[in-house]
Amino acid sequence: MVINIFLMLIIVFAILSIQSNSLRRAVIYLGILSLVSSFCYLLYGSPDVAIAQAVIGSTLSTILYLVALKKYKLFTIYYVLQNTDTEELDSDNTERKVIDIIESFCFERELEPDVVHTSENLENIEAHYQYDVIVLQKERGICLYGNKENYLLDSLQKHLVKKLGNKLNVSYVQNTV
Amino acid sequence: MNKDSEIISNTVSLLYPFIILFAFYIILNGHITPGGGFQGGALLSAIFITKYMGIPTNDTDLKNFKIIEKIMFIIIMIIPMIFLFNGLNKKFSFLNEYYLILMNILIGIKVCCGLSIIFFRFVFYESR
Amino acid sequence: MRRIIIFIIMSFIFTVFMFIYKDSIVVFPNQVSDYIKSNFIIDTGARNAVTSIYLNYRVYDTFFETLTLLVSIIGVIHFSKHEGEL
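Protein chains in written order, with our numbering: chain A, 743 to 919; chain B, 3 to 130; chain C, 43 to 128.
Just chain A, with the same shape it has in the complex (with noise of 0.2 Å):
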């Protein structure tokens, strides 16, 4: 009964791990997968082939591929988001399409988009942190804020406009570090 239930949740599991959109929750359910599969060795009276199970394929190789991922391009984008308490509604909705817009050029390049929302002044943002671009919303668009040595950001300010269309108008500023 026990075994039966282990032997449903690989499947699970498996069909979880190529289902995910994102890669690091891909690798977390292969890792869940090659223990559950120890455990079923375990019950079929194969420890040694459960250790080895377990040590490599849940830990090493799940380390591996977790630091590979880090070796992967990160794209990080800074939403900075101004007087949120008036035309609530209304910035939702830009937001929600703009982030998504940028999250689909990411998945064109094969990177790994990081979106982080703050409500911190833009100067504060380029002084303190690392970023890769920095998207301002306005009254009627936004605008986005990159580094002159980043090369990706022609091309992304293209895709918006491609995307986005006539409805809201997109600014571009280039530092100049």
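In case anyone wonders, no lab produced these hints; they're calculated from the structure. No experiment lies behind these values; they were computed from the predicted model shown. Warning: the hint list may mix true and false statements.
Said to hold, decoys possible - 27 Å max Cα-Cα, derived DSS-like pairs, lysine-lysine: (1) Lys839(A) to Lys905(A); (2) Lys79(C) to Lys93(B); (3) Lys72(B) to Lys53(B); (4) Lys53(B) to Lys812(A); (5) Lys839(A) to Lys904(A); (6) Lys813(A) to Lys92(B); (7) Lys93(B) to Lys813(A); (8) Lys812(A) to Lys904(A); (9) Lys65(B) to Lys53(B); (10) Lys65(B) to Lys813(A); (11) Lys812(A) to Lys65(B); (12) Lys53(B) to Lys68(B); (13) Lys92(B) to Lys79(C).
Please build the complex by placing chains B and C on the supplied structure of chain A, with the hints as guidance.
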């Protein structure tokens, strides 16, 4: 894996001796209880990986690891050739247990060196 | 659409396999494993049958396993970038 994460480095430094004890237990009792050279060696290489997670500096010399691994490979090839293929295990049957312990230790050291070479090579030299 | 087609094909293959092997019980002739199970303590002096297999009965398996690890390490060192002194 931030570089200045206090929690991870403290926890890892607490776990350090227990991992070493468990790995040597698995290697040395490989002929009695489940386990053996390969599993214990993988656990020994987990020690180096936890060291990387605590202190991510490149101060381990991989050259020694490579030399040790090749010497271990040659010894692993030679000892069973002398001991098993000449029929010595039938003549001196009291040596069997020591042979098993020795081979488990050698295989453990070799697997430890190999997996840590792969990990450190991957972490420090594969830059993007 | 493509996923749905693949899912239908895979479930069809699964049901066919389950239908074929529904009432077939495979019995292997367990001669070697019976011999090892009854004699490994006297032959090798180990009390764990797995250790007695991979260090005494099937030593060639251990040889080529270690050789495989060595070759894979050589491959990793060869294919990663040569930046440091190694």
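Consistency of the hints with the structure:
1. With a C-alpha separation of about 10 Å, the suggested pair Lys839(A) and Lys905(A) falls inside the 27 Å cut-off, and the hint holds.
2. For the suggested pair Lys79(C) and Lys93(B), the alpha carbons sit about 22 Å apart, so the restraint of at most 27 Å is met.
3. Among the hinted pairs, Lys72(B) with Lys53(B) is consistent with the structure: their alpha-carbon atoms are about 24 Å apart, no more than 27 Å.
4. Taken as a hint, the Lys53(B) and Lys812(A) pair is honoured in the structure, with Cα atoms around 17 Å apart against an allowance of 27 Å.
5. Taking the CA atoms of Lys839(A) and Lys904(A), the gap is near 13 Å; set against the 27 Å cutoff, the hint holds.
6. For the proposed pair Lys813(A) and Lys92(B), the alpha carbon gap of about 54 Å is over 27 Å, so the pair is violated.
7. Restraint check: the Cα-Cα separation between Lys93(B) and Lys813(A) comes to about 56 Å, which exceeds 27 Å; the hinted pair is violated.
8. Between Lys812(A) and Lys904(A) the CA atoms are separated by roughly 31 Å; this puts the pair beyond 27 Å, and the hint is violated.
9. Our distance criterion of 27 Å between C-alpha atoms is met by Lys65(B) and Lys53(B), whose separation comes to about 18 Å.
10. Between Lys65(B) and Lys813(A) the CA atoms are separated by roughly 24 Å; this keeps the pair inside 27 Å, and the hint holds.
11. Using a Cα cut-off of 27 Å, the hinted pair Lys812(A) and Lys65(B) holds, with the two alpha carbons roughly 26 Å apart.
12. Our distance criterion of 27 Å between C-alpha atoms is met by Lys53(B) and Lys68(B), whose separation comes to about 19 Å.
13. This hinted pair checks out: Lys92(B) and Lys79(C) have alpha carbons roughly 19 Å apart, not beyond 27 Å.
Checked against the numbered hints above, the structure breaks hints 6, 7, 8 and satisfies the rest.
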